[in-house]
Structures are given as C-alpha cells and as structure tokens.
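**Q** Once you've looked at the hints, dock chain R against the given chain W.
These are the residues of each chain, in order.
2 protein chains.
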Amino acid sequence: MELYLIRHGIAQERTSDRPDQLRSLTAQGQEKTQQVAKKLYSLGLRFDLILTSPLVRSRQTAEILVESQLSSQWQESVHLAPNGNISAWLDWLEQQQYPHSIKLAVVGHEPNLGQWASMLIGNQALGRLVLKKAGIIGLTLPETGSPLGRSQMFWLTPPKFLI
Amino acid sequence: MELYLIRHGIAQERTSDRPDQLRSLTAQGQEKTQQVAKKLYSLGLRFDLILTSPLVRSRQTAEILVESQLSSQWQESVHLAPNGNISAWLDWLEQQQYPHSIKLAVVGHEPNLGQWASMLIGNQALGRLVLKKAGIIGLTLPETGSPLGRSQMFWLTPPKFLI
Chain W
1 MELYLIRHGI AQERTSDRPD QLRSLTAQGQ EKTQQVAKKL YSLGLRFDLI LTSPLVRSRQ
61 TAEILVESQL SSQWQESVHL APNGNISAWL DWLEQQQYPH SIKLAVVGHE PNLGQWASML
121 IGNQALGRLV LKKAGIIGLT LPETGSPLGR SQMFWLTPPK FLI
Chain R
1 MELYLIRHGI AQERTSDRPD QLRSLTAQGQ EKTQQVAKKL YSLGLRFDLI LTSPLVRSRQ
61 TAEILVESQL SSQWQESVHL APNGNISAWL DWLEQQQYPH SIKLAVVGHE PNLGQWASML
121 IGNQALGRLV LKKAGIIGLT LPETGSPLGR SQMFWLTPPK FLI
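Sequence lines, in order, name chains W and R.
Sequential numbering from 1 applies to the first sequence in my numbering.
Sequential numbering from 1 applies to the second sequence in my numbering.
Bear in mind the hints are in silico, worked out from the structure with no lab data behind them.
Quick reminder that beta carbons are idealized off the backbone N, C-alpha and C, glycines included.
Be careful, since some hints might not be right.
With the Cβ distance kept under 10 Å, some of the chain W side facing chain R (calculated, not the full set) [to be verified]: (1) LEU45; (2) VAL66; (3) SER71; (4) TRP74; (5) ALA88; (6) LEU120; (7) ILE121; (8) LEU126; (9) GLY127; (10) ARG128; (11) LEU131; (12) LYS132; (13) GLY138; (14) MET153; (15) PRO158; (16) PHE161.
Under the rule of at most 25 Å between Cα atoms (straight-line distance), these lysine-lysine pairs were calculated in the DSS-like manner [as the list claims (entries may be wrong)]: (17) W:LYS132 - R:LYS103; (18) R:LYS39 - W:LYS38; (19) W:LYS160 - W:LYS39; (20) W:LYS38 - R:LYS160; (21) R:LYS132 - R:LYS39; (22) W:LYS103 - W:LYS38; (23) W:LYS39 - W:LYS103; (24) R:LYS132 - W:LYS39; (25) W:LYS103 - R:LYS38; (26) R:LYS39 - W:LYS39; (27) W:LYS132 - R:LYS160; (28) R:LYS132 - R:LYS160; (29) W:LYS38 - W:LYS160; (30) R:LYS38 - W:LYS38; (31) W:LYS132 - W:LYS38; (32) R:LYS103 - R:LYS39; (33) W:LYS160 - W:LYS103; (34) R:LYS103 - W:LYS38; (35) R:LYS39 - W:LYS160; (36) R:LYS38 - R:LYS103; (37) R:LYS132 - R:LYS38; (38) R:LYS38 - R:LYS160; (39) W:LYS160 - R:LYS38; (40) W:LYS132 - R:LYS132.
Just chain W, same shape as in the assembly (with noise of 0.2 Å):
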C-alpha cells in the first residue's frame, strides 16, 4: 500500500464562537490547496480512494483533490479526527481488506499524522517530522504483517517546494 498523508490546508483560527470542528478553509488556504493538487496532478499521482477527517477544513481539502481529480472517490473517517488514534485507524483499515496494490490519501491534522508517519517508520522520537498545511508525507506499507516499524517513508514535503 502506498500510503500519502496530507494535511488539511490553512484554515481560519479558533474563535470562542467558532467550534474547532466548523473552521473552514481560507480563501488563500483553498487557493494554496489547488495548487498543491494541480501539480500532485502533473506529477501523474492518482489516489483510489481519498479518507478524510469529519472536520470541515479537512473535507474541504479532501473536496479540492476530488475536484482536481486525484480521486474519484472519497469517505470520512472518525479516526482521523484530532483525537483518533493511529491503532483504532490501523485496525479500521485491516478490515477493510484493500488490495496490496492500493494508493490511499488520509487527508487530517497535526500533530497526528506527522506522529503517525514516525509511528510507522519507527521512530520512537515523535515530533521530529515538520508536515506543514498542505504537506505531504508519501510511505509505503509492507505487504502483510504490522505496518508500525516496518513502512517506509519516501516523500515528505512542504507545499512551498510543490507550487
């Protein structure tokens, strides 16, 4: 499995009015969104399926890569919520039998998915891994077995390096 997390784009701050959950995307973080897409686009990447958090700024992103057409299809997933945990996902993604050929976007948050990235390459010193808003962290999964410490990571990049 080729996994590629991707952050959520620049979203609006936390208000006391304004629920973390129903922050929205920026009209310079949907702009910034496209662009990544467009060029992950030109770089010939192509998702089966995208998994979003519930949250509205990451299924705002997850829409963007749909429109741009890295994906035909995309799902929520609780477990990428800012408060899921990487073993319930695992779990979650174990029942659903992918093929070993499958290329999966996770579209969430930080801190999680850059301490998911270290989870899985082995890395017991989390926080090490910079994944800015609309960054990228490309791993791939080993066929059977656990993924924790046994994935490889092959991409991490900034949106700057990409637009």
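**A** Only chain R this time, still in chain W's reference frame:
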C-alpha cells in the same frame, strides 16, 4: 543550521577493472542531476557551502550544483566517503564553528545519508527513509547541543517529484 543531504546522481556500475571511487556519473545521471539542480535553483534554494564525498560520482554531483549557481563554493570531506561515520563528521562540523544561519549541502552516499538523517531525528530503526540517487533530505539542526535525535526533518524527495 539547515542541512541538505543530497545523494549523488546515477553512476556507472562497479566492475572488476573500475574501482568504486572512480565511478563517474552516466550521461543520464548528469542530465537528471542538472534537472534537479535547475529546479532547486528555481525553488529559491541556495547553499553557503557544499561539502562532498571525495569519490568521483559525488564530486561530479557537487560540481553540477555549483555550475547551477546553488553555491559558490564546495570542498571535499573524507568523512563523507562511504566508510565515513556520523560521529566523526559531527565532531569535524562542530570544529568549523559555522554560523547558526548557515545553509549547508552535503553530497554523499547511501546507506550513510539516510541513516544519518534517521539518527539526527532520533529514529532507532534505520533504513526506513528512501533516498534515491539525486534525491534530497532537508533537516534543521538545533542551534546548540548535539543534533543527534534533536533535529527536525522538513523535506525528503526523490528526483522524480522535482523534474
């Protein structure tokens, strides 16, 4: 310090009458490395200094980076040869007393560079970072103290996403 670990480009195969240290970049290796260097320039990257392994394929890669105006100077370091080790190199680096703001590029070999990056971000599981020929890893080292396990990785890219 911003540290860019750059693997040499595609080189001639090793043969019984061609010692490893004399292997040159192939025509394809030169062309691909030039394309990568051009892209790095257009992304606004500049290095204050390039350090390179003394082996021919690394020196040629460093020369291409200089020709592409990514840096005005380069020098060889024996610590970057395939049998070099990170402790000796870090000791040497400390002695140079470079300014904290230096942007340093290092041209060398696998598996060293990927392992060194793993050690700098504190990853005990080595060999999980995929660094292709003419690929790049970008790290931010702390201003004081040992960088081992205390650096951050902000970039890892194969050349195919740059050219």
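**Q** Against each hint, give a clear statement of whether it holds in the structure.
**A** Going down the list of hints, with the structure as the test:
no., hint, in the structure
1, LEU45, "holds, 9 Å"
2, VAL66, "violated, 21 Å"
3, SER71, "violated, 18 Å"
4, TRP74, "violated, 23 Å"
5, ALA88, "violated, 23 Å"
6, LEU120, "holds, 8 Å"
7, ILE121, "holds, 4 Å"
8, LEU126, "holds, 9 Å"
9, GLY127, "holds, 8 Å"
10, ARG128, "holds, 4 Å"
11, LEU131, "holds, 9 Å"
12, LYS132, "holds, 8 Å"
13, GLY138, "holds, 9 Å"
14, MET153, "holds, 5 Å"
15, PRO158, "holds, 6 Å"
16, PHE161, "holds, 6 Å"
17, W:LYS132 - R:LYS103, "holds, 20 Å"
18, R:LYS39 - W:LYS38, "holds, 18 Å"
19, W:LYS160 - W:LYS39, "holds, 11 Å"
20, W:LYS38 - R:LYS160, "holds, 16 Å"
21, R:LYS132 - R:LYS39, "holds, 16 Å"
22, W:LYS103 - W:LYS38, "holds, 18 Å"
23, W:LYS39 - W:LYS103, "holds, 17 Å"
24, R:LYS132 - W:LYS39, "holds, 21 Å"
25, W:LYS103 - R:LYS38, "violated, 30 Å"
26, R:LYS39 - W:LYS39, "holds, 14 Å"
27, W:LYS132 - R:LYS160, "holds, 21 Å"
28, R:LYS132 - R:LYS160, "holds, 9 Å"
29, W:LYS38 - W:LYS160, "holds, 13 Å"
30, R:LYS38 - W:LYS38, "holds, 21 Å"
31, W:LYS132 - W:LYS38, "holds, 18 Å"
32, R:LYS103 - R:LYS39, "holds, 17 Å"
33, W:LYS160 - W:LYS103, "holds, 24 Å"
34, R:LYS103 - W:LYS38, "violated, 30 Å"
35, R:LYS39 - W:LYS160, "holds, 13 Å"
36, R:LYS38 - R:LYS103, "holds, 18 Å"
37, R:LYS132 - R:LYS38, "holds, 18 Å"
38, R:LYS38 - R:LYS160, "holds, 13 Å"
39, W:LYS160 - R:LYS38, "holds, 16 Å"
40, W:LYS132 - R:LYS132, "holds, 23 Å"
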